[in-house]
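Protein chains: 2
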Amino acid sequence: MSPGALLTDLYELTMLQSYFEQAMNATAVFEFFVRKLPPHRNFLVAAGLEQVLDYLTGLVFDADDLRWMHRSGRFTSAFIDSLRDFRFTGDVDAMPEGTVCFADEPLLRITAPLREAQLVESRVINLLHYQTLVASKAARAVLAAPEALLVDFGLRRAHGAEAGLLSARASYLAGFSGTATVEAARRFDIPVYGTMAHSYVEAHADETAAFERFVRAHPENAVLLIDTYDTERAARKVVDLASRLASDGLTIKGVRIDSGDLGEHARRVRAILDAAGLTAITIFASGNLDEYRLADLVAQRAPIDGFGVGTRMNTSADAPYLDAAYKLEEYEGRARRKRSEGKATWPGRKQVYRRHDAAGRLGSDTLTLASEQAPGAPLLQPVMRAGRLVTPRPTLTATRERAKAELARLPERLRTLDDTEPYRVEVSEEVRSLARQLDAAV
Amino acid sequence: MSPGALLTDLYELTMLQSYFEQAMNATAVFEFFVRKLPPHRNFLVAAGLEQVLDYLTGLVFDADDLRWMHRSGRFTSAFIDSLRDFRFTGDVDAMPEGTVCFADEPLLRITAPLREAQLVESRVINLLHYQTLVASKAARAVLAAPEALLVDFGLRRAHGAEAGLLSARASYLAGFSGTATVEAARRFDIPVYGTMAHSYVEAHADETAAFERFVRAHPENAVLLIDTYDTERAARKVVDLASRLASDGLTIKGVRIDSGDLGEHARRVRAILDAAGLTAITIFASGNLDEYRLADLVAQRAPIDGFGVGTRMNTSADAPYLDAAYKLEEYEGRARRKRSEGKATWPGRKQVYRRHDAAGRLGSDTLTLASEQAPGAPLLQPVMRAGRLVTPRPTLTATRERAKAELARLPERLRTLDDTEPYRVEVSEEVRSLARQLDAAV
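Same order as they appear, the protein sequences are chains A and B.
Residue 91 in our numbering is what sits at position 91 of the first sequence, and the numbering runs on without skipping anything.
Residue 306 in our numbering is what sits at position 306 of the second sequence, and the numbering runs on without skipping anything.
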């Protein structure tokens, strides 16, 4: 999972060689931000900082990396030698994970010798982009079904192993209850959930026998999948089984429905279970779910206690990427600005100040220069100085609490799943004036 | 990159414990297939088998895995002990990577003791799904711009590290010329490409100075990014620089345009370069590209020699997932069938026969039982027997050649980017009859 220093774009290395030859290595300031919110997103939830810090603190070129660079024939020996002692020695300022944020706002600022700040571009974007993407999507599911148990079910169709693991983390951070992915549970200490697959039912000659054996194997935690053949018939089998098992002191925790009209099946299954007095058996639903389907099921008052949310959350299917960038804002003490058509950026070392309204809800943000003061509280906080952490990292639980508090402070209109009037992010006059000044100078 | 045996869904382990307690471990047959082609896809390109084979041959529970299982309190000691010697000892039949394929067709069949075949479900889907998704998307870009150099530019917004690496592989397999991702180049021996970033130009006080220093650092391979401030002005700077560098025997290989109307800029830049006799300098374009934009630029006859294709290819943005499944088809010699609404599958151990027309183009496929014969050639071939490879693995180069030949054999209507009349996949009468028989028996 830590592919090392060569997990980068070739151009980072070719630029580094040129900087090396020119002895260019003054202080550079880069910022990571999202140019524009994607369709169907009224806010983002910042995530991925923890993995960025792991990356920065562990970044070295090992002997194999340097050998490959030699063999590639693309680099000079002097440059390759200079990488032997390469370490990240810079500063990081960032929004804490779980912070609600918007377009144009830097989530992270790196201030470091040019070569260090440049080399890390590809992986820093890769890590912040994906977790922010997923946390922002997952937060919408949490808003759509605030009372339900939400479990990440998406390892299989996430884009590779790391996506499976990091989407478990990002969705938990955003308010999910846990994940089905065992390695993510282990690595990030996230609650893990699981039921059974259709193959389990099919491998047994008889559905009731499959159910019974599963309960006996997992007396604490048996959630039975009841849609392999006929959902309501299976619910009646569960009723019969429950009464038989009761004499052994065994109970069935829940049932899962994975196909068909989930709301309608849940109502019928609930009625069958309740008629038998099995009101404690919970109903769990899964299958192509996302925040839109959750909102629909909640609006119908479908008697579903929990949802397995997979593919569409893990791939952020309705908006599978963010227009995220990591741009040079200052070099050698002078602000810099890219002016490419449609991609111009606000120059300089920046900060975001946030004001809340009288009710404590998010009011408006101001994008300022880091040297300015503005009303409200600054969102970017010092995280690393000279390559060392300045504060202990928050636990994932603390980060999840922060995200929860942030979502509770969202203005009502931003909580809807539909597109709405955008949140107000002002750009300070000092930032605008700096941009004008740089444009005039070119 | 090899997160091990716990990179799986919890339910695989809970089912395994139940199978262990019941001493259920007869031969099971599972198949991986895609239920339905996503929107905008007329075919798929099978990919990911190589990584599945790596996974299956390396699969073990190490001491840490077993310790975690103990600590979790979810599993019995006897079951955990049974995993110490767990190895994959089964058979694999699969379509070679690079094969064009369609909905309902198994790309891979695993025949193994039930517990082995079940445990691997999550990661097998995770690996085959993503690479097949990307290879299928990338193949469309290759069809859209068959003459151009296509380079994977998408590490930064791919969903995590593994997605970055595997999408480089899958797009190369499908016909891309190479990747910008260094680690993918190293790991898979893929040609690597790179230019420079806007930050490189911005870090220099002067654009021409930036260009000159880059050429001097990389005399063989200098592709200059010319859209940081004003594309055509920069092209004229390139002209001046080229004539100055000529006296030192240095040449500029190409220029890159990353913003604005790429076709229009390319025409103007080409005119500026050609007017100065610099016809050998190539033009490379990037920025939000996908097969639709490529087709448009090719139709315009934009003078662009190569394209960097990133985010939209690596995330398969217009169809970010496939409806892929890995289903039990047979257990203990008896065919099995899931009948869940909208998700019913064809039962039994299956094969796909493909017929070509007189011109050598793909004609039609037939989904049969593995025991049947049908006209044409069988697509699934033996890959592994009793946990051992039966043939040497093809090189990535050979796989890429296969994909190229397969794309060349696509019927004309399937080559378009638009939705078209689907390719014909017949289901044999024996398969249909088996399905009816199983339905009647429940």
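Derived from the structure by calculation, the hints contain no laboratory data.
Any given hint might turn out to be false.
The list cannot tell twin chains apart, which means a pair is met if one copy fits it or any two copies do.
As the list claims (entries may be wrong) - With a Cα cut of at most 30 Å, we get these calculated DSS-like pairs of lysine-lysine:
1) K343 with K253
2) K253 with K36
3) K343 with K404
4) K343 with K237
Hints versus structure:
For the homomeric pair K343 and K253, the shortest alpha-carbon distance between copies (25 Å) is at most 30 Å, but the shortest distance inside one copy (53 Å) is not. Taking identical chains as interchangeable, the C-alpha atoms of K253 and K36 are never at most 30 Å apart, the minima being 45 Å within one chain and 34 Å between chains. In this assembly of identical chains, the alpha carbons of K343 and K404 never lie at most 30 Å apart, being 33 Å within a copy and 36 Å across copies at closest. Proximity of K343 to K237 under the C-alpha cut-off of 30 Å is restricted to the inter-copy arrangement: shortest distance 22 Å between copies versus 61 Å within a copy.
The structure is inconsistent with the numbered hints 2 and 3, although it conforms to all the rest.
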